[in-house]
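Peer 1: These are the residues of each chain, in order.
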Amino acid sequence: MRVNLLLNLRALVGRAYPRIIGAQREPSWIFFETLLPLLTIAAYVYIYEYLGVPQFVGFVVLGGTMVAFWMNILWSMAAQFYWEKQIGNLQLYMMAPMSRMALLGGMAVGGAVMTSTRAVATLVLGVLIFRITLVVLDPLLLLAIFLTTLAALYGLGMIFASVYLLYGREAWHASNLLQEPVFLVSGFYFPLKTFVTRLGAGGLWVAAGASIIPMTLGLDAMRQLLFPELLAYGLLRPDIELLILLILAPVFIYLARISLAYLERLGKEQGRLTLRHQ
Amino acid sequence: MEAAIATRNLTRVFGGKRRRLQRKREPSEKRVVALDSVNLEIPHGELFGLLGPNGAGKTTLIKILATLLLPTSGEAYVAGYDVAKDPFPIRKRINMVTGGETSGYGLLTTRENVWMFSQFYGMPSRQVKKVIDLLAEEFDLQERMDAKVRTLSTGERQKMNMIRGFVTDPEIIFLDEPTLGLDVTAARSIRGFIKKWIQEQKGRTVLLTTHDMMEADELCDRIAIIDRGRILACDSPEGLKRLIKKDVTLKIETDRLKDTSVFRSIPGVRNFAVSENPKGRSMTTTFILEDDAPIADIMSEVLRQGSRVHSLKKTEPTLEEVFISLVGRGLD
Ligand SMILES: Nc1ncnc2c1ncn2[C@@H]1O[C@H](COP(=O)(O)OP(=O)(O)O)[C@@H](O)[C@H]1O
Ligand SMILES: [Mg+2]
Chain A
1 MRVNLLLNLR
11 ALVGRAYPRI
21 IGAQREPSWI
31 FFETLLPLLT
41 IAAYVYIYEY
51 LGVPQFVGFV
61 VLGGTMVAFW
71 MNILWSMAAQ
81 FYWEKQIGNL
91 QLYMMAPMSR
101 MALLGGMAVG
111 GAVMTSTRAV
121 ATLVLGVLIF
131 RITLVVLDPL
141 LLLAIFLTTL
151 AALYGLGMIF
161 ASVYLLYGRE
171 AWHASNLLQE
181 PVFLVSGFYF
191 PLKTFVTRLG
201 AGGLWVAAGA
211 SIIPMTLGLD
221 AMRQLLFPEL
231 LAYGLLRPDI
241 ELLILLILAP
251 VFIYLARISL
261 AYLERLGKEQ
271 GRLTLRHQ
Chain B
1 MEAAIATRNL
11 TRVFGGKRRR
21 LQRKREPSEK
31 RVVALDSVNL
41 EIPHGELFGL
51 LGPNGAGKTT
61 LIKILATLLL
71 PTSGEAYVAG
81 YDVAKDPFPI
91 RKRINMVTGG
101 ETSGYGLLTT
111 RENVWMFSQF
121 YGMPSRQVKK
131 VIDLLAEEFD
141 LQERMDAKVR
151 TLSTGERQKM
161 NMIRGFVTDP
171 EIIFLDEPTL
181 GLDVTAARSI
191 RGFIKKWIQE
201 QKGRTVLLTT
211 HDMMEADELC
221 DRIAIIDRGR
231 ILACDSPEGL
241 KRLIKKDVTL
251 KIETDRLKDT
261 SVFRSIPGVR
271 NFAVSENPKG
281 RSMTTTFILE
291 DDAPIADIMS
301 EVLRQGSRVH
311 SLKKTEPTLE
321 EVFISLVGRG
331 LD
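Heads up: the sequence lines are chains A and B, in that order. In terms of the numbering used here, the first sequence has 209 at position 209, counting the first letter as 1, and numbering is strictly consecutive. In terms of the numbering used here, the second sequence has 19 at position 19, counting the first letter as 1, and numbering is strictly consecutive.
I should point out that these hints are in silico values taken from the structure, not numbers from a laboratory. As the structure is a prediction and not an experimental result, all values here were calculated from the model. It cannot be assumed that every hint is accurate.
Derived Cβ-Cβ restraints for the label pairs, each shown as a range [to be verified]:
hint, chain 1, residue 1, chain 2, residue 2, range
1, A, Arg25, B, Pro124, 21 to 31 Å
2, B, Arg150, A, Leu9, 21 to 31 Å
3, B, Pro53, A, Gly168, 20 to 30 Å
4, A, Leu9, B, Gln142, 24 to 34 Å
5, B, Glu2, A, Leu9, 30 to 40 Å
6, A, Pro181, B, Gly80, 48 to 58 Å
7, A, Leu177, B, Ser282, 54 to 64 Å
8, A, Gly168, B, Lys245, 47 to 57 Å
Away from chain B, derived, C-beta distances all over 12 Å, residues of chain A [unchecked claim]:
hint, residue
9, Val3
10, Ile21
11, Leu35
Beta carbons are placed, not taken as given, at the ideal position from N, Cα and C, and that holds for glycine.
Here chain A stands alone, though its shape is the one from the complex (with noise of 0.2 Å):
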């Protein structure tokens, strides 16, 4: 039981090592990951500007920031199993004695660290360039819910990454398509609150149904505790959004752990695991 434990983390290490330490080695991603996502950032902040209503652009840069999650979940854990098929790490990883949660959790910390250092680095400049000021009243529960969505986030990646398991180029394609409704359905650039002040009832349901993504709830409680001067915008309070968060983040780990288990046994069994001529 011991050995087993002290096994699956140091896969777990292992696998998240390329991604913390391999990622940071081309420097190119300060450019495409800090400074691209500044663009779109700062073609909301300039619209909130000219509507006069500048207390809206902390939210934005907030947003837009985040959005670097949603990206890497999309192709770096949901599509990820379909480059490691193609470059043959999969069967290596498939037959190697570790627990297929210390793969998933590999993928999933290191995934979450070298985001965070784009985040991060997205965040500072934007709020020195667009001249933010940013209160923390609740730094612990900040912390908290930062923290709790980040590990629901990577609960529900390892779901897409055991779902997408079998999947050839359609993992691409599914990606893809889970990249623009959700940065509309998770509010990645306004308040969620808006659905339902512009769609009502039908609008409430939208917002339910985008908080099935953890990155809306969280995002929404996050921007209340950073912008207390707009806490009429958000959706639920953040304590309650915390709970909800932190119900999802085992229930999406949990999900992951049987969905993967029966993907494999299905890829065993059907010759899907890896590909023809390896």
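Chain A is fixed; fit chain B with the ligands onto it per the hints.
Peer 2: Chain B with the ligands alone, transformed into the frame defined by chain A:
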């Protein structure tokens, strides 16, 4: 003690029926019997070879033994454990290296890649470092250990793959055409290592697939000849050659012949295989004959087709002739 590897009527079928989670419109694949009732027993300590042409089922067998694919029917045991029911204890004891493998991450160095894969087996990092240094020396790769993997040449890359496979000190290792596409020196280095590794410690087992006769002959204690999912013969290289010891093996080089199937009807011809020569328009036909008698008939058939004979020689039986006599064609 039980065998390192054992299979019982092991059968694997691909395609034939529509798969779960497959889209409806996609036509179901043609049914292929990749392994057909394979029975093998490989004791601990053996360097066992699977020799067969492309598509024979070698990789399929290895994937099943490596717990990556389930049998359609029959059973397979590795280190005494059932591959279908008990994969985890197997996984702790095995590893696998495939020819032309492109695994790992290009941004990591050779050393980091090997280390990463060793972590999936739970090895302590300090121990890994020692073993990596030893193996790097064996493969003469010390200088490239801290280079990024994407800068490695094909040969260097395959040496890294070998280090990755052996670093975990497996009881049983699967080597699927490990020298495929390598230059002579790199291939020799890899073959030399395999031989040394198995002699170094009692009980280590290697299952090697190849379609290189010389490699099989040089390395293996025993060889199974496999074609279309079936084991046609299984013996030591010498034992296999004895199968055709009484036969006459004959190679003739001629102009390209229009019809070779007629050779089949000449009495005394057990089997033959044709290979086109890369240069010019000649071809070489290798015959396995019961005795010298059919040679005259063969010659007159060649002449009847208006072809010239460039050369004719009787040869010592090698594995190639054994293969031809069993399979009725060459390996490539
Ligand atoms: N995943 C798969 N799906 C369908 N057919 C497959 C698959 N893998 C292998 N095959 C088929 O099974 C047969 C044996 O293949 P393989 O084991 O790769 O042969 P070898 O390694 O001896 O060249 C071939 O006809 C091949 O096309
Ligand atoms: Mg093969």
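Peer 1: Now, for every hint given, state plainly whether the structure supports it.
Peer 2: Hint check:
no.	hint	result
1	A:Arg25 x B:Pro124: 21 to 31 Å	holds, 26 Å
2	B:Arg150 x A:Leu9: 21 to 31 Å	holds, 29 Å
3	B:Pro53 x A:Gly168: 20 to 30 Å	holds, 27 Å
4	A:Leu9 x B:Gln142: 24 to 34 Å	holds, 30 Å
5	B:Glu2 x A:Leu9: 30 to 40 Å	holds, 32 Å
6	A:Pro181 x B:Gly80: 48 to 58 Å	holds, 52 Å
7	A:Leu177 x B:Ser282: 54 to 64 Å	holds, 58 Å
8	A:Gly168 x B:Lys245: 47 to 57 Å	holds, 50 Å
9	Val3	violated, 7 Å
10	Ile21	violated, 8 Å
11	Leu35	holds, 21 Å
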